[in-house]
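Letter by letter, the chains look like this.
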Amino acid sequence: MAEVTMRVWRGDASGGDFENYTVTQNEGEVVLDVIHRIQATEAPDLACRWNCKAGKCGSCAAEINGKPRLMCMTRMDDLPEGTVTVTPMKTFPIIRDLVTDVSFNFAMAERVPALLPPPMPEDGYRMFQEDVERGQEFRKCIECFMCQDVCHVIRDHEENKQYYAGPRFFIRYAELEMHPLDQNDRREYVREEMGLGYCNITKCCTEVCPEHIKITDNAIIPLKERVVDAHYDPVAWLGRKIGRRTKRTAAEAGVQPAP
Amino acid sequence: MTTSPYEHHEYDVLIIGAGGAGLRAAIEAKQRGLSVGIVTKSLLGKAHTVMAEGGMAAAMGNVSSEDNWRVHFRDTMRGGKMLNNYRMAELHAKESPDRVRELEQWGALFDRTKDGRILQRDFGGHRYARLAHVGDRTGLELIRTLQQKVVSMGTDVYMECKVLQLVHDESGRVAGAVAYWRPTGEFVTFAAKSVVLASGGVGKSWKFTSNSWESTGDGHAMALWAGAELIDMECIQFHPTGMVWPLSVRGLLVTEGVRGDGGVLRNSDGERFMFNYVADMFRAETAESEEEGDRWYEDHNAGRRPPELLPRDEVARAINTEVKAGRGSPHGGVYLDIGTRRSAEYIRRRLPSMYHQFMELAGVDITREAMEIGPTCHYIMGGVKVDADTAATKVAGLYAAGEVAGGMHGANRLGGNSLSDLVVFGRRAGMAASDYVEGGSGPSGFDWGEVESAVSRALAPFENENGENPYDIQRDLQEMMQANVGIIRTGDEIEFAINELETFTERVKNISVKGGRAYNPGWNLATDLPSMLTVSKCTSRGARERKESRGGHTREDFPKASAEYGTFNLAHTIAGGAWDGEITTERSPLLTMPDELKALLEEGK
Amino acid sequence: MAAIESATKVELGGLRGGPDVPTLREDRWWLQPVITVSILTAFVVYSTWAAFQNQNYYVGAAAHRDLISPFYSPCLTTTCVPGSGSGFAIHGWGLSPALIILIFPLGFRLTCYYYRRSYYRAFWWSPPACAVADGHGSYSGETKFPLIMHNAHRYFFFAGLVFNVLLTYDAIRAFHQPGLGWGVTVGTVVLVINAVLLWSYSLTCHACRHLCGGGVKNFSQHKARYRTWKFLSRYNSKHMNFAWASLIFVALTDVYVRLVASGALTDYKLF
Ligand SMILES: Cc1cc2nc3c(=O)[nH]c(=O)nc-3n(C[C@H](O)[C@H](O)[C@H](O)COP(=O)(O)OP(=O)(O)OC[C@H]3O[C@@H](n4cnc5c(N)ncnc54)[C@H](O)[C@@H]3O)c2cc1C
Ligand code: SF4
Ligand code: SF4
Ligand code: FES
Ligand code: FES
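Residue numbers (the working numbering), protein chains in the order written: chain A, 1 to 259; chain B, 1001 to 1605; chain C, 2001 to 2271.
Looking at chain A on its own, in the form it has when it is part of the complex (with noise of 0.2 Å):
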């Protein structure tokens, strides 16, 4: 048993500061751990979202340190010795002390072209392994939108969220694109509307991602590779004219609906 000292941004809209609080850490606690505590005896109006307290949900994103992070993944005894700073995710507006307003994520969700299948046959549909794979790797996505947090496109520049899904809907995308059964095409879309070109691939979605996703080896570029396919390659684009139509507008590829 030690005692800590942490250093936690209180605050909402109309303001804030970091308060400190000297609690005692046990063996083998985490962040979130501590956190708890304090809510139990100093502060019970401390607000902090989180559920399930392994690494499942995505809920309990804040920033330690100042990098973002899952408070029930840190662990007290990883982090350097000393005050241990604890603030919200600077990038979505705060509702209240480490809880943020998240809705922009679910905003850019809902702007999504959903799957487009072919009807099922009676017993199912029949993939391999090896079709579904890279899917599955973005599927792993537990929505803690740490990579959304981190991107610096909205981060540092606010007014880019109007039209930028962020690195956790690239892989959305990708994970359609990438779909064996999916018949949608939204390559365009995410060019025009979605700001694939606004990612500058520096990566940092891919070191805060607690599921070790490789978004913009695995997902982005392969995205970006898709869209020069569709958009700028000039011998894809001849091959279009004199021929096969690979590629639609943004959008007849957005209103198709699902089944």
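Please keep in mind that the hints were generated in silico from the structure rather than gathered at the bench.
Note that the Cβ used here is the ideal one computed from N, Cα and C, for glycine as well.
Heads up, some of the hints might be wrong.
Said to hold, decoys possible - Some chain A residues judged to face chain B by a derived CB distance under 10 Å, without partners named: (1) C48; (2) G58; (3) R96.
Chain A is fixed; fit chains B and C with the ligands onto it per the hints.
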């Protein structure tokens, strides 16, 4: 209708809970073209369902072609110690394959067999490899798929909005609910023609639990207050394998998939003790020696299944006995070993999140070291009494599905049967609620009196100056329930708990909360405590009345199952709807099973 | 359509929590950018100098060697040192022949996904490190000229392949010692390693991974492309390592040839 002093919304179907059951119900009602609102205490996609690991059971026969709904039905009934609502078990066994397959239409990506079908894995109590899965994150796949479907259909979702109480019309039909926004603390009312409860479990009333803060039994309690019956509340599943160390993660689940994939249990003497605990009912289908059990992993026809894969209640009791006999691990559990039995690569591929969880939280590398595990409160079999085909409760317009509904799992649930339960009965609840709305038998008013009393009760802790801290009450309640109505129970302890719960009721009436209403977890907890108490009371009373041991209910003073008690459920009702009102507990006879289903149960006994 | 209701709606300019400082990180986040800036600057300075030298880039028959610096191959002007020419000669080019060709490898690396990451961080500060504030007021990413040209990366990749073939040819030529027959010298080894690293760098390229198989939806129906993709993916994760190794080594190769050509060093014969 009078105008609401609060934010007010109207829907055809209101769904309380955004776990697997609630989302599946929403899809159904939305597909009918009805207006649907979903309310959830946390953010969309964070409900308990997201934590499910092992898989969802459906007799598709993709791996073992012998499998079919009849075997699944039989396994479910036997696992449930025959206390199940047979009709639910039957519908579940018949419909779950279709419900699993349809998920792929909406984007789910299950692991595959060599010939491109959905892969299925072995789990405790299931005769054949039956669990469709995605590594060890099946619940995530399920909730994300349903969530994405619901969002693409343009459904209204009220996130971080806690329902306090259901509201009736003057003739006692359900007419909606009253809730508050957690971010602002403002109240909101929902008028709805029908309501589907899908609010999940109750595990937060125990100290060592795999459940999150949300599992406070709100739905169970609200249904009871609204006039519905709760059954089987004494049947609580203690999952045999929860983490026991570090203390801060005590109770966190270790998926049964570890055992399905080759992990075995040992005591401090290194003995595979489960061989000493095979009940007669399961002897015929359980391996007799370690060699036979190991052969089974290689080829299911070469041996019978190892005793580690017996139903959860059996395994949890065995572990409890070993620890009590002094053969436990240093932190009071036993050892679960897969590292010496499977290659590191295999473990990391099959059980990635378990590997992760132990590595990061306990500093244990499960590919080399054994895990220390012990029983943890996991699931409540009991719940709102519903009609099997329609998920309808006793209260007109109120439906219940998922963990909040009772009957499907009897006295003990088999692993993997919950996720399939969610989609089978979530869909049925959605259909029946829609039928009810379309049939025009909706409510004729909205009782604002009920709203006002719920609101003033919720706000009371702010008026109270020198009351108690809700966290203290919660902690004491959890310790009390763990100690007295835990995995092994005796008459005296239960009696003690029932008395204690009255004291807790008084303490809850004397809570004070600090701070404002906006995102105040202390206040949020204060509003959860009445449900936790109500549920604990029903559990304790059921435990007192059921003088036998059966499934998730073990009485030290009545260690055997009794034929007499196997014929009824214990049903609880509350008079007058007050949260602290007197609870009545009565015997409610089981449905009689048709002969052809009875015959199935006899087979291969 | 608006579906998800929440107490607080998405609006721009919502007030954020936490202190208003560029970063709260206290670890050495600046170390990476400093290293990147150092190495890249050193490379650019050296290669510019070397490219303008217009001498000492070839060791020829007089020394019983056939070693050409990668900066000068293929040598395309009439002014090329005898023996170093490629057979195709441009007339009237007064400057160093290196300046004609370097645009291609330069373009390849400039548009490389990995280098983009590195120089955006280290030179452009957008962002200098994760969770450290961007150095610019406004930001349009790669949506406008000139950065939109990065979408042409696959063409530079193709050009890179042509260069790899030529440099491989140079490496094979380096086994030939005019007047002495075939053998291996330190210079041969240097040129071979250089070619291998360049191939490794090119084949682990993301555009390559996409074109070879990544673009396919149904791997089970394209088995060969799936296997290729799988193979490339395994090494694609090492693209960064190959990017640095090949960059540094190509400069060292030029240094070596330059030293030998200027007579400061003799190219040691191994066998
Ligand atoms: C760690 C773990 C692993 C598991 N593994 C498996 C497995 O492998 N296979 C399997 O079949 N089962 C498994 N289970 C069990 C299964 O996950 C749950 O029983 C199931 O997910 C319950 O789903 P549900 O839809 O009924 O409710 P939940 O998913 O619990 O959702 C409840 C919803 O109701 C909302 N809610 C509750 N109260 C209120 C209120 N007052 N107001 C508003 N909203 C409210 C919550 O916010 C939430 O959205 C596991 C459980 C756990 C804890
Ligand atoms: S790689 Fe792209 S999406 Fe990821 S953090 Fe950087 S800019 Fe954002
Ligand atoms: S991709 Fe990773 S970081 Fe982003 S939301 Fe998903 S889990 Fe979190
Ligand atoms: S609480 Fe679920 S991820 Fe931390
Ligand atoms: S060369 Fe680096 S990505 Fe193409």
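Per-residue hint verdict: G58 of chain A, partner chain B, C-beta under 10 Å: At about 7 Å, which falls below the 10 Å cut-off, the nearest Cβ of chain B leaves the hint on G58 of chain A intact, so it holds.
Hinted contact R96 of chain A with chain B - closest CB pair below 10 Å: holds (4 Å)
Proposed interface contact between C48 of chain A and chain B, which counts if any beta carbon pair is under 10 Å: holds (7 Å)
Checked against the numbered hints listed earlier, the structure breaks none of them; every hint is satisfied.
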